[in-house]
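Assemble the whole structure, with the sequences as input and the hints as a guide.
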Amino acid sequence: MIKCENLEKTYPLRKGQGFQALKGIQLNIGRGEFAAVTGPSGCGKSTLLNILGLLDNPGGGRYYFEGRDVSSFGDPERSRLRLEAVGFVFQSFNLLPRFSSLENVCLPMLYLGVEKEEAAARALALLEKVGLRGKQDNTPLELSGGERQRVGIARALANDPRLLLADEPTGNLDSRTGMEVMDLLRSLNAGGLTIIMVTHDQALARAASRTIRVRDGRIEE
Amino acid sequence: MRLSEAVRTGTLEIFSHKMRSFLTFFSISIGVISIMYSLTLIYAMSSRSKKALEVAGPGRMTVAMKRGGNSESAMDAKEAKAVITLEDAMAVRREFPELYMVSPGLKKWVEVSHGALNDEKVAEGITPEWKRRGWVYKVKGRFLNQHDLDTYARVCVIIEDGGWMKKPKWYKFYGWRDKFQDYIKHNDMLGQTIKLGNNLYTVVGILQEPPAEKNPKYFMGVSNWDPSLLVPITTSQRFLNGWAWSSGGVDDITIDTGKEATINAYKRKIEKLITARHGGRIRFEIKDYREIIKERLADKQRDMYTVLIIGAIAILAGGIGIMNVTLATIYSRIKEIGIRRAIGATRGDIMGQFIIEAMLIGFFGGVAGILLGMAGIQYLASKGDTEMMLLQWWMPFAAIFVAVLTGFLASLYPAYQASKLDPVEALRYE
Numbered sequence: 001m002i003k004c005e006n007l008e009k010t011y012p013l014r015k016g017q018g019f020q021a022l023k024g025i026q027l028n029i030g031r032g033e034f035a036a037v038t039g040p041s042g043c044g045k046s047t048l049l050n051i052l053g054l055l056d057n058p059g060g061g062r063y064y065f066e067g068r069d070v071s072s073f074g075d076p077e078r079s080r081l082r083l084e085a086v087g088f089v090f091q092s093f094n095l096l097p098r099f100s101s102l103e104n105v106c107l108p109m110l111y112l113g114v115e116k117e118e119a120a121a122r123a124l125a126l127l128e129k130v131g132l133r134g135k136q137d138n139t140p141l142e143l144s145g146g147e148r149q150r151v152g153i154a155r156a157l158a159n160d161p162r163l164l165l166a167d168e169p170t171g172n173l174d175s176r177t178g179m180e181v182m183d184l185l186r187s188l189n190a191g192g193l194t195i196i197m198v199t200h201d202q203a204l205a206r207a208a209s210r211t212i213r214v215r216d217g218r219i220e221e
Numbered sequence: 001m002r003l004s005e006a007v008r009t010g011t012l013e014i015f016s017h018k019m020r021s022f023l024t025f026f027s028i029s030i031g032v033i034s035i036m037y038s039l040t041l042i043y044a045m046s047s048r049s050k051k052a053l054e055v056a057g058p059g060r061m062t063v064a065m066k067r068g069g070n071s072e073s074a075m076d077a078k079e080a081k082a083v084i085t086l087e088d089a090m091a092v093r094r095e096f097p098e099l100y101m102v103s104p105g106l107k108k109w110v111e112v113s114h115g116a117l118n119d120e121k122v123a124e125g126i127t128p129e130w131k132r133r134g135w136v137y138k139v140k141g142r143f144l145n146q147h148d149l150d151t152y153a154r155v156c157v158i159i160e161d162g163g164w165m166k167k168p169k170w171y172k173f174y175g176w177r178d179k180f181q182d183y184i185k186h187n188d189m190l191g192q193t194i195k196l197g198n199n200l201y202t203v204v205g206i207l208q209e210p211p212a213e214k215n216p217k218y219f220m221g222v223s224n225w226d227p228s229l230l231v232p233i234t235t236s237q238r239f240l241n242g243w244a245w246s247s248g249g250v251d252d253i254t255i256d257t258g259k260e261a262t263i264n265a266y267k268r269k270i271e272k273l274i275t276a277r278h279g280g281r282i283r284f285e286i287k288d289y290r291e292i293i294k295e296r297l298a299d300k301q302r303d304m305y306t307v308l309i310i311g312a313i314a315i316l317a318g319g320i321g322i323m324n325v326t327l328a329t330i331y332s333r334i335k336e337i338g339i340r341r342a343i344g345a346t347r348g349d350i351m352g353q354f355i356i357e358a359m360l361i362g363f364f365g366g367v368a369g370i371l372l373g374m375a376g377i378q379y380l381a382s383k384g385d386t387e388m389m390l391l392q393w394w395m396p397f398a399a400i401f402v403a404v405l406t407g408f409l410a411s412l413y414p415a416y417q418a419s420k421l422d423p424v425e426a427l428r429y430e
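Chains as they are written, first to last, in our numbering: chain A, 1 to 221; chain B, 1 to 430.
Derived Cβ-Cβ restraints for the label pairs, each shown as a range:
{"#": "1", "chain 1": "A", "residue 1": "64", "chain 2": "B", "residue 2": "313", "range": "51 to 59 Å"}
{"#": "2", "chain 1": "A", "residue 1": "23", "chain 2": "B", "residue 2": "332", "range": "36 to 44 Å"}
{"#": "3", "chain 1": "B", "residue 1": "303", "chain 2": "A", "residue 2": "113", "range": "47 to 55 Å"}
Read the hints as simulated data drawn from the structure, not as lab findings.
Here the structure is a predicted model, which is why all the values come from computation and not from measurement.
From the three backbone atoms N, C-alpha and C, an ideal C-beta is built for every residue, glycine too.
What follows is the structure, given as structure tokens:
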């Protein structure tokens with residue numbers, strides 16, 4: 001499903017200088033895998049995730065998404081692929097505060113051009129699936145942390161993605177709600193969804209089917 | 001992203017920042033009001049000059065002495081001895097029988113008395129061809145004829161003011177009462193003998209003007225020098241005593257060639273003829289009606305440009321306001337932009353979102369301006385501003401269009417900036 005060859009990424013610091021966040025990443029992730037990416041802070045986990053999620057372009061190397069070389073895609077193609085095939089779950093949830101949970105979940109579908117009524121119906125079903133029945137009219141500010149993350153997951157699932165990327169999804173949650181969210185992710189994985197999760201919690205990483213350790217811009221599995 | 005969705009989001013955003021939006025609405029409103037005002041003025045002016053031309057006829061021009069300027073120079077004083085005369089008019093008529101109208105006029109400010117009435121009025125000496133100068137009257141009795149002129153008959157025709165269909169409110173306060181008009185309304189003057197200056201004249205006819213709203217002449221501006229009485233021009237020259245501009249001749253000769261295309265040709269021919277008749281010692285000019293109307297409208301035009309400039313400045317200020325608001329909005333919503341990008345929004349989606357929001361601000365500001373402006377214009381119209389009565393249904397739409405366009409243009413740059421944000425950076429922004 002995902003194949004990376006020699007991925008590199010350098011962030012410019014000053015003229016002529018740069019910080020090399022990724023130094024030749026080789027990675028293969030198959031369909032239906034649940035991979036945990038671990039490593040100390042600043043090792044390049046998030047950079048890797050952003051590239052895998054088509055938010056960022058690699059500085060060098062090749063990235064094949066479902067067999068297609070996407071490393072040279074322009075903004076419209078990358079945005080389109082992100083919209084259709086990738087779902088993001090963030091540590092700080094990143095919901096739009098003025099919108100209800102239902103509207104937050106609807107958003108990706110509306111960008112795809114789904115009719116409003118159809119999107120609302122599907123969003124309602126997704127909210128129910130993540131255990132938020134009856135909370136569709138609440139804004140994120142009226143929800144608890146665990147509930148917000150469930151809305152975030154529902155939103156990531158809105159367009160039926162093939163790949164779910166989660167960046168420290170339990171980082172802002174207490175251990176009990178964290179475990180609940182992990183259970184949700186695991187059940188989604190059991191349903192066939194490919195998941196890549198960044199975490200530095202070893203216990204959570206063990207729940208995944210595979211652990212990828214990143215250190216200093218390189219992978220040591 | 002569907003348009004309806006973007007509009008909904010934009011509206012939500014506008015109403016969650018009430019004060020900020022209100023201030024922008026405000027300046028846009030002022031712009032829209034002044035645009036509507038100046039549109040109405042422009043429209044009034046063009047429709048008036050069109051109407052005036054319609055009344056005047058297509059081939060109208062006036063022969064008159066040159067007024068003002070530095071005519072006191074030695075050369076001019078020596079040259080300018082002759083004045084235009086009735087004989088000039090008759091010569092033009094003889095020479096060019098194909099002209100639709102050759103109508104000389106001589107206005108005199110005379111004392112009018114009859115019974116309790118004693119007033120100073122303008123009596124114009126005319127020929128029967130005066131009838132062709134835009135006839136808008138209903139006649140009681142008869143009009144002046146060639147026989148009256150040939151016999152120097154002491155007869156006159158009274159012009160009766162048409163009044164108003166619905167008197168404007170200002171008229172009660174500012175409208176002066178015309179003693180003469182009051183008198184002739186309450187006394188049937190037809191067939192009566194009336195004293196003009198030192199002589200007695202018989203009123204042979206009364207011309208009734210249509211009400212002001214329907215009177216195209218009214219739109220050209222009311223003047224103190226509009227005549228209240230008409231007398232044969234020959235009688236006026238020989239007997240009527242009163243103060244006049246012209247010494248010995250006539251004020252002007254109004255000519256209608258009947259066709260717009262022939263104006264210039266006749267202008268030259270008539271100029272040559274009159275110059276020749278006076279041996280070159282005459283300072284006169286021939287103005288065609290378009291020039292005259294243009295001169296009359298020049299003041300209004302200055303007003304209009306002033307208002308238009310104020311409007312443009314207000315709209316510009318509104319536009320800058322929108323640009324500022326949009327920029328501020330973008331900085332306070334960097335995170336949101338990042339989230340939307342991560343979800344799958346393209347650069348175009350982000351740009352469209354902010355542009356639509358700014359256009360909505362323009363639209364709401366425009367609507368507010370229309371409501372205020374309509375109220376103001378209705379008020380002015382009720383106070384008797386005849387220009388403002390000519391507000392057209394499409395003008396508010398044009399004003400709203402300008403407001404929305406302003407929103408669009410003003411948001412292009414900020415929206416482009418927003419769309420250029422790096423999604424990773426934007427997401428990390430706190």
